[in-house]
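S.K.: Under my numbering, the first residue of the first sequence carries the number 4, and numbering increases by one thereafter.
Think of the hints as simulated: they come from the structure by calculation, not from any bench.
Heads up, some of the hints might be wrong.
What the hints assert, rightly or not - List time: in silico PhoX-like cross-link candidates among lysine-lysine, alpha-carbon distance up to 25 Å:
id: 1; residue 1: K422; residue 2: K455
id: 2; residue 1: K399; residue 2: K470
id: 3; residue 1: K374; residue 2: K313
id: 4; residue 1: K248; residue 2: K321
id: 5; residue 1: K313; residue 2: K303
id: 6; residue 1: K440; residue 2: K374
id: 7; residue 1: K126; residue 2: K139
id: 8; residue 1: K387; residue 2: K413
Unchecked claim - Just the calculated beta-carbon pair ranges, DEER-fashion:
id: 9; residue 1: D398; residue 2: N473; range: 15 to 23 Å
id: 10; residue 1: R416; residue 2: E467; range: 24 to 32 Å
id: 11; residue 1: E107; residue 2: E256; range: 35 to 43 Å
id: 12; residue 1: E112; residue 2: D282; range: 46 to 54 Å
Keep in mind that this is a model prediction, so the values were computed, not measured.
Even for Gly, the Cβ is constructed at its ideal location relative to N, Cα and C.
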Amino acid sequence: MKNTEIRVRFAPSPTGFMHIGNARTALYNYLFARNVGGRFILRVEDTDFERSTQQAKEVIFSSLKFLGIEWDEGPYYQSERIHLYQEFAKELLKRGIAYKCYCEPQELEQRRLMMQAAGKPYKYERTCYHLTPEEKQPKENLPFAIRFLVPPGEVTFPDLIRGNITIKGEELEDFVLLRSDGTPTYNFACVIDDYSMKITQVIRGEDHIPNTPKQILIYKAYQWEHPIYAHLPMIMGPDHTKLSKRHGATSVEAYREMGYLPEALVNALAMLGASFEPDREVYRLDELIKLFPLNNVSKKAAVFNAEKLKWFNREHIKLMTTEGLLLRLLELGLVSGDINYLRRVLTLVRDRITVLNDVYNEFNYFFEEPKTYDDTGLVNWSGKEVLENLRLLKDKLSELTDFLASLIEKAVRTLAEEKNLKAKNLIHPLRLALSGKTVSPGLFEMMELLGKTRVVTRIGAFIEKIKQINDR
RNA sequence: GGCGCUGUAGAACAGGGGUUAGUUCAGCGGGCUCUCAAUCCGCAAACCGGGGUUCGAGUCCCCGCAGCGCUACCA
Numbered sequence: 004m005k006n007t008e009i010r011v012r013f014a015p016s017p018t019g020f021m022h023i024g025n026a027r028t029a030l031y032n033y034l035f036a037r038n039v040g041g042r043f044i045l046r047v048e049d050t051d052f053e054r055s056t057q058q059a060k061e062v063i064f065s066s067l068k069f070l071g072i073e074w075d076e077g078p079y080y081q082s083e084r085i086h087l088y089q090e091f092a093k094e095l096l097k098r099g100i101a102y103k104c105y106c107e108p109q110e111l112e113q114r115r116l117m118m119q120a121a122g123k124p125y126k127y128e129r130t131c132y133h134l135t136p137e138e139k140q141p142k143e144n145l146p147f148a149i150r151f152l153v154p155p156g157e158v159t160f161p162d163l164i165r166g167n168i169t170i171k172g173e174e175l176e177d178f179v180l181l182r183s184d185g186t187p188t189y190n191f192a193c194v195i196d197d198y199s200m201k202i203t204q205v206i207r208g209e210d211h212i213p214n215t216p217k218q219i220l221i222y223k224a225y226q227w228e229h230p231i232y233a234h235l236p237m238i239m240g241p242d243h244t245k246l247s248k249r250h251g252a253t254s255v256e257a258y259r260e261m262g263y264l265p266e267a268l269v270n271a272l273a274m275l276g277a278s279f280e281p282d283r284e285v286y287r288l289d290e291l292i293k294l295f296p297l298n299n300v301s302k303k304a305a306v307f308n309a310e311k312l313k314w315f316n317r318e319h320i321k322l323m324t325t326e327g328l329l330l331r332l333l334e335l336g337l338v339s340g341d342i343n344y345l346r347r348v349l350t351l352v353r354d355r356i357t358v359l360n361d362v363y364n365e366f367n368y369f370f371e372e373p374k375t376y377d378d379t380g381l382v383n384w385s386g387k388e389v390l391e392n393l394r395l396l397k398d399k400l401s402e403l404t405d406f407l408a409s410l411i412e413k414a415v416r417t418l419a420e421e422k423n424l425k426a427k428n429l430i431h432p433l434r435l436a437l438s439g440k441t442v443s444p445g446l447f448e449m450m451e452l453l454g455k456t457r458v459v460t461r462i463g464a465f466i467e468k469i470k471q472i473n474d475r
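When you get a sec, could you build the whole thing from the sequences and use the hints?
M.R.: If you want it as structure tokens, here you go:
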């Protein structure tokens with residue numbers, strides 16, 4: 004049944020970065036297509052030559068690939084289809100459903116501004132539609148835009164997410180189809196493309212609701228059937244305004260660079276504005292596809308929560324095997340060195356990272372000598388008795404032949420008993436000496452992993468540091 | 001201003017006429033423990049307002065209010 008094939012598209016305009024709102028739209032289209040066994044088409048809406056850049060196109064592709072959203076067709080470029088729109092526009096012109104407009108955009112803008120200042124709604128007055136042949140004559144050689152003659156009456160369409168939406172025809176002005184430079188406007192190109200690409204469901208942002216009646220009118224003018232619409236709620240910043248750069252990281256690219264897993268980003272975006280099942284939020288992509296509920300998408304604009312994204316990332320890290328995690332880190336160039344050593348570092352560290360970059364950023368002491376020591380740590384653990392204890396510890400540890408966590412622990416605790424100290428009073432300064440920090444994975448496991456040589460060296464270095472402090 | 005969309009804890013989602021209004025993140029407190037994570041236990045926290053309909057309304061209807069979106073020869 005070829006003619007009932009479900010086809011959806013993601014149609015971004017390449018004017019900047021891949022905003023996570025756009026990513027969510029792409030994801031929902033993709034999930035829907037895969038869920039119903041349809042096709043997912045990528046179309047680049049680059050008719051605004053001033054703002055479209057090649058770099059922005061690349062970012063869209065790489066962001067989609069990063070997220071694991073694969074398109075079945077395209078990318079199609081509207082910039083390569085200009086002639087098509089022109090032909091279709093001519094047809095409407097011929098049939099009197101559209102007309103040539105010679106008005107200066109700047110002039111119209113002025114009139115609009117004036118009406119606005121007067122607090123009155125502005126609609127294009129159809130000046131050029133009412134032009135008599137005599138008036139038209141002298142303008143014949145002027146550049147013109149093609150305007151759509153909006154018919155009276157109201158437009159109602161069913162929205163899969165919101166139910167019926169109705170807008171009165173009187174609210175619509177005669178909008179431009181083709182600019183005077185021959186390029187199509189968004190609404191026109193969108194219809195021609197969705198029609199010629201046989202799009203069956205248009206899943207897009209809520210900000211397109213006001214465009215929908217205009218587009219439906221164009222479909223009607225050609226006597227085409229329009230696709231089914233589903234308008235997704237917006238994604239907002241914490242202050243409930245449209246998510247933008249002001250709110251910090253808003254692009255897929257930015258989250259990738261911070262070390263977020265695509266699995267987590269996809270999961271978080273999917274949960275933002277929909278419920279797949281009650282009481283469950285962590286899903287793999289294949290599960291998202293299987294359960295995707297277009298009918299259960301929320302109508303309400305959702306605030307993007309960066310904290311929850313962190314949680315999703317931790318959850319997806321937990322889902323990975325240590326081996327898988329290691330592979331990922333290696334691919335990204337976030338760690339390097341002996342595989343066995345890295346593997347052991349990861350087992351200690353994997354429950355303590357939020358983002359992939361943390362492995363190196365937060366646990367660099369597994370890879371290099373600590374250069375500085377935590378300030379409050381130094382305040383607490385730089386006294387004379389600490390110095391003395393560390394010296395003893397250093398000697399004692401140097402004598403260990405098998406440098407194993409259990410034996411190290413025994414040695415440390417025995418010394419504590421001998422000196423009538425709580426083990427803490429040895430453990431904390433040791434941690435500071437070895438990591439430069441007051442927090443770390445379990446001390447003894449960490450020591451075993453670092454190995455005797457490094458442990459002894461670092462204790463030595465720390466002893467020198469304390470001496471300096473005490474001599475001052 | 002006009003038109004449209006939307007309103008359940010700080011945030012995201014359940015609940016769709018009868019529930020002690022549920023889950024997750026964040027917050028707070030506690031257990032475990034060498035610290036931090038992880039984990040476990042607990043606390044606090046919501047139906048935008050007002051009218052209806054009904055024995056009974058987050059839930060259905062109406063009216064407000066608020067937030068957001070659109071209002072281009074941008075997409």
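S.K.: Evaluate each hint against the coordinates.
M.R.: Hint by hint, here is what the structure shows:
Pair hint K422 plus K455 holds up; C-alpha atoms about 23 Å apart against a cutoff of 25 Å. Restraint check: the Cα-Cα separation between K399 and K470 comes to about 20 Å, which is no more than 25 Å; the hinted pair holds. A distance of roughly 28 Å separates the Cα atoms of K374 and K313; the hinted pair therefore is violated under the 25 Å criterion. Restraint check: the Cα-Cα separation between K248 and K321 comes to about 30 Å, which exceeds 25 Å; the hinted pair is violated.
Taken as a hint, the K313 and K303 pair is honoured in the structure, with Cα atoms around 23 Å apart against an allowance of 25 Å. For the suggested pair K440 and K374, the alpha carbons sit about 11 Å apart, so the restraint of at most 25 Å is met. About 22 Å separates the Cα atoms of K126 and K139, which keeps this hinted pair within 25 Å; it holds. Proposed proximity of K387 and K413 is supported: the alpha carbons are some 24 Å apart, at most 25 Å.
In this structure the supplied range 15 to 23 Å holds for D398 paired with N473, their Cβ-Cβ distance being about 20 Å. A hinted range of 24 to 32 Å holds for the C-beta pair R416 and E467, which are about 26 Å apart. Checking the proposed 35 to 43 Å range against E107 and E256 shows it holds: the Cβ atoms sit about 40 Å from each other. Restraint check, E112 to D282: a C-beta distance of roughly 53 Å satisfies the suggested window 46 to 54 Å.
When the structure is compared with the earlier hints, violations turn up for hints 3 and 4 and for no others.
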